[in-house]
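*Asks:* The chain contents come next:
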Amino acid sequence: MSLNASATHVERPPATRWRPSTRLLYVATAAACLVALPVLSLAFTALSGEALTVWPHLAANVLPVALWNTALLLAGVALFCGAVGTGAAWLVTQYEFPGRRSLEWLLVLPLALPTYITAYVYVEILGFQGPFQSALRALTGWRSLRDYWFPDPRNLPGAVLILGLVLYPYVYLSVRALFAMQSAALIESARTLGTRRWPLFWRIGLPMARPALAAGLTLALLETLNDIGASEYLGVRSLTISVYTTWINRGSLAGATQIACVMLLVVVGLMVAEARTRGARRFSLPVKRPRPVGRIQLSGTRAWTASIVCFLPALFGAVLPLMYLLGEFWRRDLIAQADATLWRALANTVAISALSAALIVAIGLAIAAALRLGRERALPMLARIASLGYALPGTVLALGLLVPLAAFDNLVADASRALFGASPGLLLLGSGAALVIAYLVRFLTIAVNGVESGYARISPRIDDAARSLGANRHELLHRLHWPLMRPAIAAAALLVFVDCMKELPATLLLRPLNFDTLATLVYGHAARGVFEDGALAALLIVAIGIYPALRLARAGERQPASREN
Amino acid sequence: MTIKTALAATALASCLLAAPALAQSVNLYTTREPALLNPVIEAFTKDTGIKVNAVFLKDGLQQRVQAEGANSPADVMLVVDVGEIQAIADAGITQPVKSALVDKTVPAALRGAGDNWISLTQRARIVVVSKDRVKQDAISYDELADPKWKGKFCIRAGQHPYNNAFFAAYLARNGAEKTETFLKAIKANTARKPGGGDRDVARDILSGQCDIAIINTYYIGLMSKATNEQKGWYDAIRPLKTTFAGGGTHVNVSAAALAKNAPNKDNGVKLIEYMLGEKAQHLYADGNFEYPVNADVKEAAAVKLLGALTPDTTPLSDIAKNRKAASELVDKVGFDN
Numbered sequence: 001m002s003l004n005a006s007a008t009h010v011e012r013p014p015a016t017r018w019r020p021s022t023r024l025l026y027v028a029t030a031a032a033c034l035v036a037l038p039v040l041s042l043a044f045t046a047l048s049g050e051a052l053t054v055w056p057h058l059a060a061n062v063l064p065v066a067l068w069n070t071a072l073l074l075a076g077v078a079l080f081c082g083a084v085g086t087g088a089a090w091l092v093t094q095y096e097f098p099g100r101r102s103l104e105w106l107l108v109l110p111l112a113l114p115t116y117i118t119a120y121v122y123v124e125i126l127g128f129q130g131p132f133q134s135a136l137r138a139l140t141g142w143r144s145l146r147d148y149w150f151p152d153p154r155n156l157p158g159a160v161l162i163l164g165l166v167l168y169p170y171v172y173l174s175v176r177a178l179f180a181m182q183s184a185a186l187i188e189s190a191r192t193l194g195t196r197r198w199p200l201f202w203r204i205g206l207p208m209a210r211p212a213l214a215a216g217l218t219l220a221l222l223e224t225l226n227d228i229g230a231s232e233y234l235g236v237r238s239l240t241i242s243v244y245t246t247w248i249n250r251g252s253l254a255g256a257t258q259i260a261c262v263m264l265l266v267v268v269g270l271m272v273a274e275a276r277t278r279g280a281r282r283f284s285l286p287v288k289r290p291r292p293v294g295r296i297q298l299s300g301t302r303a304w305t306a307s308i309v310c311f312l313p314a315l316f317g318a319v320l321p322l323m324y325l326l327g328e329f330w331r332r333d334l335i336a337q338a339d340a341t342l343w344r345a346l347a348n349t350v351a352i353s354a355l356s357a358a359l360i361v362a363i364g365l366a367i368a369a370a371l372r373l374g375r376e377r378a379l380p381m382l383a384r385i386a387s388l389g390y391a392l393p394g395t396v397l398a399l400g401l402l403v404p405l406a407a408f409d410n411l412v413a414d415a416s417r418a419l420f421g422a423s424p425g426l427l428l429l430g431s432g433a434a435l436v437i438a439y440l441v442r443f444l445t446i447a448v449n450g451v452e453s454g455y456a457r458i459s460p461r462i463d464d465a466a467r468s469l470g471a472n473r474h475e476l477l478h479r480l481h482w483p484l485m486r487p488a489i490a491a492a493a494l495l496v497f498v499d500c501m502k503e504l505p506a507t508l509l510l511r512p513l514n515f516d517t518l519a520t521l522v523y524g525h526a527a528r529g530v531f532e533d534g535a536l537a538a539l540l541i542v543a544i545g546i547y548p549a550l551r552l553a554r555a556g557e558r559q560p561a562s563r564e565n
Numbered sequence: 566m567t568i569k570t571a572l573a574a575t576a577l578a579s580c581l582l583a584a585p586a587l588a589q590s591v592n593l594y595t596t597r598e599p600a601l602l603n604p605v606i607e608a609f610t611k612d613t614g615i616k617v618n619a620v621f622l623k624d625g626l627q628q629r630v631q632a633e634g635a636n637s638p639a640d641v642m643l644v645v646d647v648g649e650i651q652a653i654a655d656a657g658i659t660q661p662v663k664s665a666l667v668d669k670t671v672p673a674a675l676r677g678a679g680d681n682w683i684s685l686t687q688r689a690r691i692v693v694v695s696k697d698r699v700k701q702d703a704i705s706y707d708e709l710a711d712p713k714w715k716g717k718f719c720i721r722a723g724q725h726p727y728n729n730a731f732f733a734a735y736l737a738r739n740g741a742e743k744t745e746t747f748l749k750a751i752k753a754n755t756a757r758k759p760g761g762g763d764r765d766v767a768r769d770i771l772s773g774q775c776d777i778a779i780i781n782t783y784y785i786g787l788m789s790k791a792t793n794e795q796k797g798w799y800d801a802i803r804p805l806k807t808t809f810a811g812g813g814t815h816v817n818v819s820a821a822a823l824a825k826n827a828p829n830k831d832n833g834v835k836l837i838e839y840m841l842g843e844k845a846q847h848l849y850a851d852g853n854f855e856y857p858v859n860a861d862v863k864e865a866a867a868v869k870l871l872g873a874l875t876p877d878t879t880p881l882s883d884i885a886k887n888r889k890a891a892s893e894l895v896d897k898v899g900f901d902n
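Just so you know, the sequences run in chain order A and E.
Each residue of the first sequence is one higher than the one before, counting from 1 in the working numbering.
Each residue of the second sequence is one higher than the one before, counting from 566 in the working numbering.
Bound conformation, chain E alone (with noise of 0.2 Å):
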């Protein structure tokens, strides 16, 4: 009896659920957290008069499309990481995106093969150091290995996309032996165990825990704008120009992609186009103080509070080729441990 009602109301309640099948609608997968990308669909559809049906997904994004196959609803994925598009692109779920727009908006370096993927935004993973104990404004990333370091340097762990995505990055120029030994100097420095989150390396360094530390652009750029706590880590902090010697910054993006089998093609290459314009990069990249890929935005947030941005030049795709290894590389010098 209660199974026959329970199942009764299940069929009823996925029905109910069921979502409706709107005219005009695109249907949005992201691994972008929601607030930060709410008000650009907002925007989207308030100029646009297309509704966005959103999920924020975390890990697993590209195996549901996958699953899915042929009848996903799936029209726009977006993701923050090069690898993770990179490996849905690799996975023969997108198709091309063709715009015109887009080829004039997006270098060629931040498009992936074939337009199967376009970035978005970028934000840099640079290092910043104690404002009162550090006395230097610029740094390679290859003298966070120096000995002078040891017991001061804070990161968050080793196996952390963010970091996989700079030691690969460290890879591809470097090779494995190198970026090894990288690793092993820059573990012998760590003040404590590896772990956390990007913003907990800025209230270590408050803490007087850690002298000098690895952090994404955009999480200096929220701290300085919060009202609480979080407004003394970034002033006990102070950002350093941080390159590869004798390159740029280590860069990653957010990027979005064209499902294969999008029922809304249409409005898809619509969203994407709109994500490009300089209303939306102000919102999509100042909300959250990234560097807009488009260059007509001018005055970015990220850029008034950290100066302009001299990306690395090893390719991205030699990034999210690299991340295995360097995944493996972190394991073999017990990195985390």
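Next up, chain A with everything else stripped away, as it sits in the complex (with noise of 0.2 Å):
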């Protein structure tokens, strides 16, 4: 489970583990072997090709630099969304200030934003000719940057902020959770005790959110490593730069697959060594439906120093970008986009991002619940296996894919005609069915996650109880799990929706013909150099990214309601 950092760690098994429906186990099974088949393509192919030949030149001019410049910007975005998500998410459970509720859901927003379309927005808004510049030069008459000096984002911090600001709700959210949901007993009785403000974020709130707090960073941090877009345009050279440098310009596929399994093996192993740390603590859990911690109502300074805190991350993670993109709608007369394309684009993301986000959640839920109930020894290893995709950069996942996919589908089409002298076409990859494999290959550990994270909250001691009570297997998961995990199940469908709607490299490469989604189109003209143009569908992404951002941020709201079972 160490990929998956789950959000609590459970004070000990329950009593009786029974052996999990072999249902579950297959299915666990499978999409761990389904999750294999890239990781072990790519494998493959770094060591059919050229054997080790890029590794001197890498060495000797490109890593010393790479390596520096990808631990800073990890470390920069970890800071940046470590201390963003938690600070916020500490704020918004534990006190009442004016704007709390709607900046509950604004805080999520900015990730309905593809980082790429915010770095591309940044660039412009704090540009020559963007509104900043143009105000400064307005009141104090200066010309040209020959006479002043001005922020560049174009550079490695610039990448950390503006990746930090795209990719901070994945803290939030999962930390926001923990503090909503567990620690009201903790965090009450240290209030009585007259702990004051700071000691009880320092000493009880942060350390309890630990487990969530890594959850969250281990998603923002895979999806820093594995960006493409932004670093590129911001001028960042980061491993990952390097992989597309090796196969693109320097023409070896084996090489650029070498330095990523290189890279996978590295993050594993962080992500365990995580885990083990984190292992030897326990968290104990009521066996009382947790409930949420009363807010202190603040006034005052104080209450509107909260507010502000809170609202500029999403002031310059959504509201920001969002205002430009609008405004550039407005101005060119974007309106005119709105046609048969862009509208079947629009049913296209939809459904099959739907689609996608029920398939992999269920197939989370069951991994879960295989590993709740489960007693095999393989299963945390399956569990394991199953959240890989995650890890691996978008593009370079696809590749992987490509060849599976390609060879089963040459088997069918070769097989049908000769069976029935006719073929079907290429069936995975001449339908979307290989997008909405690469989509649960790649988002998977986000469903597991989400499903642990709501099964933490369950004691196991009430398993017990149900048991003793004489309940089956069937009825525990029918009536006592899916009813106390449904909000977190939701949560995890609408994270999973949010990012199958952002998806660009895989969409790009696996699609079939005449199949674009909103991504795609705004990548068409994101690469011709005029982003702008792609506003339009860049909004609709948003629009349609802000109904999962107030679900989830409900999610945590509505729960508490004082139901103690």
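Treat the hints with care, since some could be wrong.
Keeping only pairs whose Cα atoms sit at most 20 Å apart, straight-line, the calculated DMTMM-like set for lysine to aspartate or glutamate is [what the hints assert, rightly or not]: (1) E:Lys825 x E:Asp680; (2) E:Lys743 x E:Asp883; (3) E:Lys806 x E:Asp707; (4) E:Lys758 x A:Glu124; (5) E:Lys796 x A:Glu124; (6) E:Lys717 x A:Asp147; (7) E:Lys758 x E:Asp776; (8) E:Lys743 x E:Asp776; (9) E:Lys835 x E:Asp668; (10) E:Lys663 x E:Glu838; (11) E:Lys835 x E:Asp612; (12) E:Lys825 x A:Asp414; (13) E:Lys616 x E:Asp831; (14) E:Lys886 x E:Glu745; (15) E:Lys806 x E:Glu864; (16) E:Lys886 x E:Asp655; (17) E:Lys806 x E:Asp680; (18) E:Lys623 x A:Asp533; (19) E:Lys796 x A:Asp533; (20) E:Lys700 x E:Asp776; (21) E:Lys830 x E:Asp612; (22) E:Lys796 x A:Asp333; (23) E:Lys790 x A:Asp533; (24) E:Lys717 x E:Asp800; (25) E:Lys715 x A:Asp147; (26) E:Lys863 x E:Glu838; (27) E:Lys796 x E:Asp697; (28) E:Lys790 x A:Glu475; (29) E:Lys844 x E:Glu864.
To be clear, the hints were calculated from the coordinates, so they are not data collected in a lab.
Here the structure is a predicted model, which is why all the values come from computation and not from measurement.
Combine both chains into one complex, guided by the hints.
*Replies:* Have a look at this one:
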């Protein structure tokens, strides 16, 4: 479970673990095999190619800089996301202040923007003709950049801030869920014992949040590590850029996959290490349904400071980029773009994302249930493998899937031609099925994570109690777990939905003829240097993302309604 | 239960989404952006009645067609870089385009060995300078290394395919040692870290961040047509006649190849022929301010704006061959650091 960095560790295993229904085990095994497929295919490519010829060059000229840049980028994004995500989560769960309810969902919204769009927008907004520099020149009479200095986002610090602004919601969502649900008793005891505000956060809130922080940061950092669009545009020489350069400019796919495989090994190693150091600690769980902590009403300067502090990330992560896109939409009269192509892309996007999200969460649920109920030793390993997909850059993953999927398609086509004299064409790549599989492989870990965090809130002792009252496994799942976990499952589905909707590299490579999504439309414009022309499609992505954001925020909001079991 | 429903839904969606095989159609895999290609595709369908099924890919077009193998639906592959089309031909997934019309229209220098790929348009990579701050009308690429441009030169990432092809051409002409010196010298002249897009250098000239930059010709044309702030970028720059010392201008091509297992081979050839015709060349070349390969096309927009093109004589295949070495040199001198 290390990869999933589950939100909470269970105090002890339930007294009895059933052998899971073989069906659950089969699903978990099949999912693990499916995810292992591209990884094995990549490993095969890496080993089959021109041995290790790329490494002397990499070691001498690339790795020192790329490793250093990647480390700085990851450290920066981790600090930013950790501080902003945890801080905002603490404020909205512990205190009452003006605008808190709106901020709870506004803080999720940046997630709906693809990182490269936010990067383009900031280069424009902060650029020479952007509002800030224009206003500055109007005020001062300066004429060109020779007269003054202005921060340029096209560098490493710029990349840290921009990626951080898009990705902090992963941390915010996961930490907020934990603060909202788990800490009431502890925090209230601490409060009654007179613990002051800051020590409360540092000594109780933060240590308790560690598993959730790790889970959120894992997602944010893997996104950062695998980012290509924003990093390239902002001029960051990361390891993933080296993978691309080796493949595209130096024509060495084998070399590129070798780098990708080494990166994957390092990532897995780090995550296992993190889980180990955390594994020793235990977080006890009340049998009673956890209830949220009562919010303390802030007033005066304190209240407004809290409002502003929470509004800033939402402002820079979502509101400002959205206003820019709306402005471009207006200025360029992009309403003319609202044609059949756009509506078809919209329908495609919603349909394939919804379908994928349903499938992915169903499988995620099966894996989490198998982990909870099963006692097979292989289960944690299977779950770990099933969550590998997120640790690979999207294009690399798609390349890895391409070979086995195409091989399957060719097998079916040839067999069908031999048997029936006609071929259905490429079954998976020719339909949208390859995309659904790619999304499944890539985002399964988000679903497993989400469902596990739901499970973490149900004390295993409840399972024991139900069992001692004669409930069988089926009843346990249907009558106990399902109703208790519905909000967590819905939240996981929505998060996966948004990620599928934004997904670009695998969608570009694996989609069938005449099939566009909103993300590919946006990219079509961005690729020829006029991303503003894609403003309408980008706005639609965000508009569809608003509903999930609202629901994700409310999932934490409604649930607590003190229904104690 | 949920799982079964979801699986059933997947199966259903697969059936619905599966592309129907039409009698008269051609399947196009392209890395050229749809907005630039659509006018030509629509005209082709209107004039011939052949439907074009297209998919816009970025990286990995070659790997996809390779993996799809014998049952690949791809008929025509269209890419925008000579290195890429050469790699596709080298991968053995093309077949010769046998067409008298193509032979007549496209000079041999703009075709791959054995007609395994055919150039459709050309573009040049040239130097632009600040209209106000630089007074000269022509320049050689080598002059970019002159220390007088210290802190004044802007360029996108050295590993971007546009620069990669340019440096490969420089390498093919001058050898590794001279290229390394050249790269170090122009890196030393940069006003900012190499990055951003090609248009950004024009903006950076407007803002005063740099005086001299390198850019693909079609971006100049597109900015000249712009109605937004990019018109201001265009007004700030002046394109220079740019050549290698004692040679021509560095040119790259967009090119098409016929897939080895093309199921609609005849229609594929028709599409390539159509794209070389005067009408399509006007639509395709002018829409994106590229230089047509069909010599009969007069008054091309790019020529009107920037004057006639004198391409560098380095064979395109030599440029393609030198890409790897050029890319390694860029890393070696830390160009993008």
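*Asks:* Decide, hint by hint, whether the structure agrees.
*Replies:* Hint check:
With a C-alpha separation of about 13 Å, the suggested pairing of Lys825 of chain E with Asp680 of chain E holds against the 20 Å cut-off. Among the hinted pairs, Lys743 of chain E with Asp883 of chain E is consistent with the structure: their alpha-carbon atoms are about 17 Å apart, no more than 20 Å. A threshold of 20 Å between alpha carbons decides the hint, and for Lys806 of chain E with Asp707 of chain E the separation of about 13 Å falls inside it, so the pair holds. With a C-alpha separation of about 17 Å, the suggested pairing of Lys758 of chain E with Glu124 of chain A holds against the 20 Å cut-off.
With a CA separation close to 15 Å, the supplied pair Lys796 of chain E and Glu124 of chain A stays within the 20 Å bound. Straight-line distance between C-alpha atoms of Lys717 of chain E and Asp147 of chain A comes to about 15 Å, which keeps the hinted pair within the 20 Å bound. A distance of roughly 15 Å separates the Cα atoms of Lys758 of chain E and Asp776 of chain E; the hinted pair therefore holds under the 20 Å criterion. The suggested pairing of Lys743 of chain E with Asp776 of chain E is violated, with an alpha-carbon distance near 25 Å, which exceeds 20 Å.
Taken as a hint, the Lys835 of chain E and Asp668 of chain E pair is honoured in the structure, with Cα atoms around 14 Å apart against an allowance of 20 Å. Restraint check: the Cα-Cα separation between Lys663 of chain E and Glu838 of chain E comes to about 10 Å, which is no more than 20 Å; the hinted pair holds. A threshold of 20 Å between alpha carbons decides the hint, and for Lys835 of chain E with Asp612 of chain E the separation of about 11 Å falls inside it, so the pair holds. This hinted pair checks out: Lys825 of chain E and Asp414 of chain A have alpha carbons roughly 17 Å apart, not beyond 20 Å.
In summary, the hint linking Lys616 of chain E to Asp831 of chain E is supported, as the alpha carbons are separated by about 13 Å, within the 20 Å threshold. A hinted pair counts as satisfied when its Cα atoms are at most 20 Å apart, and Lys886 of chain E with Glu745 of chain E qualifies at roughly 17 Å. Straight-line distance between C-alpha atoms of Lys806 of chain E and Glu864 of chain E comes to about 19 Å, which keeps the hinted pair within the 20 Å bound. A threshold of 20 Å between alpha carbons decides the hint, and for Lys886 of chain E with Asp655 of chain E the separation of about 11 Å falls inside it, so the pair holds.
A C-alpha spacing of about 31 Å is found between Lys806 of chain E and Asp680 of chain E, which places the hinted pair above 20 Å, so the restraint is violated. Annotation: proposed proximity of Lys623 of chain E to Asp533 of chain A holds, straight-line Cα distance about 18 Å (limit 20 Å). For the proposed pair Lys796 of chain E and Asp533 of chain A, the alpha carbon gap of about 15 Å is at most 20 Å, so the pair holds. The hinted pair formed by Lys700 of chain E and Asp776 of chain E meets the criterion: a straight-line CA distance of about 11 Å does not exceed 20 Å.
Simply put, Lys830 of chain E and Asp612 of chain E have alpha-carbon atoms about 18 Å apart, close enough for the 20 Å limit, and the pair holds. The suggested pairing of Lys796 of chain E with Asp333 of chain A holds, with an alpha-carbon distance near 17 Å, which does not exceed 20 Å. Distance restraint check for Lys790 of chain E and Asp533 of chain A: the Cα-Cα separation of roughly 15 Å lies within the 20 Å cut-off, and the hinted pair is therefore satisfied. Restraint check for Lys717 of chain E and Asp800 of chain E: the C-alpha separation of about 18 Å stays at or below 20 Å, so the hint holds.
About 18 Å separates the Cα atoms of Lys715 of chain E and Asp147 of chain A, which keeps this hinted pair within 20 Å; it holds. A hinted pair counts as satisfied when its Cα atoms are at most 20 Å apart, and Lys863 of chain E with Glu838 of chain E qualifies at roughly 18 Å. For the hint pairing Lys796 of chain E with Asp697 of chain E, the CA-to-CA distance comes to about 16 Å; that is within 20 Å, so the pair holds. In summary, the hint linking Lys790 of chain E to Glu475 of chain A is not supported, as the alpha carbons are separated by about 68 Å, beyond the 20 Å threshold.
In summary, the hint linking Lys844 of chain E to Glu864 of chain E is supported, as the alpha carbons are separated by about 13 Å, within the 20 Å threshold.
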